[in-house]
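As a plain string of letters, each chain reads:
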Amino acid sequence: MPIKVLIPTPLRPYTEKQAVVEVNAHTVGEALSDLVGQHPDLRKHLFSEDGKLRSFVNVYVNDEDIRYLEKETTPVKEADTVTIVPSVAGGR
Amino acid sequence: MALKIPCALLDQLRQHGEETYPHECCGVLVGQFDDSGGRIVVSITRCGNTRTESLKNRYHISPSDVVRIQREALAAGHDVVGFYHSHPDHPAEWSATDLTEAHWTDCSYVITSVEGGHAVLTNSFVLQGQEEVKHFKNESIECER
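So the sequence lines, in the order shown, correspond to chains R and C.
Oh and the first sequence: position 75 is 75 in my numbering, straight run, nothing missing.
Oh and the second sequence: position 117 is 209 in my numbering, straight run, nothing missing.
Read the hints as simulated data drawn from the structure, not as lab findings.
Predicted, not measured: the structure shown is a model, and the values here were computed from it.
Among the clues, some could well be false.
[What the hints assert, rightly or not] Chain C side only, calculated, beta carbon under 8 Å to chain R, not exhaustive: (1) His177; (2) Ala194; (3) Asp198; (4) Glu223.
Glycine is no exception: its CB is placed at the ideal position from the N, C-alpha and C atoms.
When you get a sec, could you build the whole thing from the sequences and use the hints?
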């Protein structure tokens, strides 16, 4: 089913500047797979060489972090929004 | 390349650092990317520093805050254009930790030095490059009244 994926600013150069990409998926994993299928240059920016999401990449379904749901097997339904959000941290 | 921000908002983010002193404050800059490669801030959103330790020299913004703020920004025709935080009793310069933990390329990272509870200097840096070879570039802050 069609799902919207929100793309953060740093990844838009790899989605032809699109801030929203529509994918076809039933789970978060399928959504991300479809996303990198449409935009292959995204893969190395989202995933490490072992195929896992990079540690600073957070993925939300609506307002829920998938780490606290079912991770990549988290189901998604029509009207859900998957948001990719790199972490924001630092300090002196 | 510059960060354009209303002086009132610049004052607010500096004041945030004074209020949270001696801890680091943090927040999100919302606005637009302009054609010259700079950023224009139209609003700022304070965030809580979700660090449970080392708040005097570390900050972390909850991703759920960023999700919410980004959603609201996009709905209003704006976007997340950067972030701000403070350095209590430390220069307004990015640190190795700031760079390591920065992942929003093409966005501004604004830092305010807060000495003895008083905001002193505010600088801005834009993150450039890719994750493996990223760097901060100084950018001017153009404060508009």
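Is the interface hint for Ala194 of chain C satisfied, with its Cβ closer than 8 Å to some Cβ of chain R? holds (6 Å)
Given His177 of chain C was flagged as interface, is its beta-carbon under 8 Å from a beta-carbon of chain R? holds (6 Å)
Does Glu223 of chain C meet its interface restraint, that is, does its C-beta lie within less than 8 Å of any C-beta in chain R? Since chain R brings a Cβ to about 7 Å from Glu223 of chain C, closer than 8 Å, the hint holds.
Interface hint compliance - Asp198 of chain C to chain R, C-beta minimum distance less than 8 Å: holds (6 Å)
Checked against the numbered hints above, the structure violates none of them.
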